[in-house]
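K.L.:
For chain V, the structure is supplied; the task is to place chain D on it using the hints.
Number of protein chains: 2
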Amino acid sequence: MKVAILGLGSVGRGVISVLARKDLGIVVTGIADSRSGVMDPAGIDLAAVLTRKAETGRCGEPDILGEDIVKNGDYDVLVEVTPTDIVTGEPALTSIRTALSRGKHVVTSNKGPLALQYTELMRLAEENGVHMRYEATVCGAIPIIQTLQHGLAGNKVHAVYGVLNGTCNYILTRMADEGLTYDQALAEAREMGYAEADPTSDVKGIDTALKLVILANTIWKNGVTLGDVDCTGIDLLTAEALTLAESQNCTIRLIGEVVPERDLLRVSPCILPKKHPLVVRDTLNAVTVVTDMAGAITQVGKGAGSVETASAVIGDLLFIRDCHVRGD
Amino acid sequence: MKVAILGLGSVGRGVISVLARKDLGIVVTGIADSRSGVMDPAGIDLAAVLTRKAETGRCGEPDILGEDIVKNGDYDVLVEVTPTDIVTGEPALTSIRTALSRGKHVVTSNKGPLALQYTELMRLAEENGVHMRYEATVCGAIPIIQTLQHGLAGNKVHAVYGVLNGTCNYILTRMADEGLTYDQALAEAREMGYAEADPTSDVKGIDTALKLVILANTIWKNGVTLGDVDCTGIDLLTAEALTLAESQNCTIRLIGEVVPERDLLRVSPCILPKKHPLVVRDTLNAVTVVTDMAGAITQVGKGAGSVETASAVIGDLLFIRDCHVRGD
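The listed protein sequences correspond, in order, to chains V and D. Heads up: the first sequence begins at 3 in the working numbering, then just goes up one per residue. Heads up: the second sequence begins at 3 in the working numbering, then just goes up one per residue.
Next comes chain V alone, as it looks inside the complex (with noise of 0.2 Å):
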């Protein structure tokens, strides 16, 4: 199977160092980062691509393009793994349709152009007899998307809760724990990594709230957009509210639901007792999907990390490679 790789920041170089590395049966084609790209319709050479873009910042030639790659590129599988845009999509949405117009599968990390156009790219993935699939965009290394597609088939989903950003649930496990303000423990989270120099779209849910948006279709099929969604953050939590919440064995957490029957879609700080299966702590992701038949099914594990994400991209080629759709 041949993929071409669109992006080589954290998640891209994960899926390249992981593609080097294991022999899953998948030849990379195409490679382009914003600046550059690479091409070979033999198998790119991965190691060297993953040393030249430490050295130099960029993958290849500065006159290959990412589009070229796209649309023009010999290739079963686009893997679609630069920054999420929540505005516009782009260049990741026009990426994917075109990709998707060419007959091949595609496999995304990005949120911005599911958020904004699940159903359009939906059915473009149908109407061209492809897999459009995207279990790297909610919880990283959590498989839920697959739980709720396979998994719980057959499943009517009454509600979806979880605690989907990690940055903000480090947060909030340092305020609690140590009493700090929200400011101090954000100062923390960008010293270890885990808050970006902009943490806007994390502290405000609007990350959650995009992952909401792809769960709610996942589930619903409704085409729901982020304007849906009924959003606040953790910016402006003080420190008493936290040390309040503890006193009484409880805890606040940044959680997103989504419940169809009532059509509620909220991403908001809930104060949950400690012994609750989502208080998860630091980094982690934690979401419970309840049904029908299964009950309450809830999965914990690490929601972010380069080659977390690597693993649910993986995943997502593995099952395009393995398993066809008869289209139902």
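Careful: at least some of the hints might be erroneous.
Pairs count within a copy or across copies, as identical chains cannot be separated in the list.
[Stated by the list, open to error] Here are the simulated lysine-lysine pairs, DSS-like style, with alpha carbons at most 27 Å apart: (1) 223 / 276; (2) 24 / 4; (3) 24 / 158; (4) 55 / 24; (5) 55 / 277; (6) 223 / 24; (7) 4 / 158.
Calculated directly from the structure, the hints in this document are not laboratory data.
P.N.:
Structure of chain D alone, referenced to chain V:
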């Protein structure tokens, strides 16, 4: 898709009641309990079968046997949900072999055949180009087999640990909470319907060991069987042992462990901190998979129950309906 169902105990009745209620594109053409059977290539009236079973103890005519349905029935998938026999695996083992040899897919909740002959049955399925699926054999509604086979595909599994038996977990929860002796907690579990009249297989750890053997074969594919498991149950635990653990902010759980790299297959009561992710309460199951890429993923949910186990069977049926493994 046409299915034949063998076994009308708790799981079989759960599957039939779900198929009667949900339109999943599945037609049931044969059903047998231990004393009778019914066949109809056009589709059996499932509600009528459940009523007849409840009123008479039989699902159909005494001259129609399960083995006739397996050999001569018109079906695509055999759903084998008869009780587990850990010595011979029969009659399930023969039914499964016959169906696979006829080129029929098999979905089972029966641990016996898989714990005894995993390698042979998988080879037979592969030779005949059909699926042999068994999500319902381990952890009820938790999709742990799909997680290992698909969600974490491409990962190297370093270990699987879990609370795999709800009966033992209920007994241990009650001993810790109320200071009950083992005998008192067992009696209570029986009253609640969580323990069988003969609880030997549960409390001696044999049920957990069977599940470990199935998990180990799923990861390892090396033909381990029950005799390879180092197995200690909970039946000799004293109330004092629980009290001592509680005094250290710990508790005791019956843990099954598979660690391929150390050739370790063990069932034993373990002292765990109360905050440990495997310390779940009452009849819940919990299982942690540790891999090279995804890190540790823990899943918690209902490990038994008629509809919960049916959820796993239905998930397998829909997987077969929707996917075809290319076979590699």
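K.L.:
Evaluate each hint against the coordinates.
P.N.:
Consistency of the hints with the structure:
no.	hint	in the structure
1	223 / 276	neither (34 Å within a copy, 40 Å between copies)
2	24 / 4	within (15 Å within a copy, 39 Å between copies)
3	24 / 158	between (37 Å within a copy, 10 Å between copies)
4	55 / 24	within (20 Å within a copy, 53 Å between copies)
5	55 / 277	neither (45 Å within a copy, 42 Å between copies)
6	223 / 24	between (35 Å within a copy, 19 Å between copies)
7	4 / 158	between (36 Å within a copy, 22 Å between copies)
Violated hints, listed in ascending order, are 1 and 5; each of the other numbered hints is respected by the structure.
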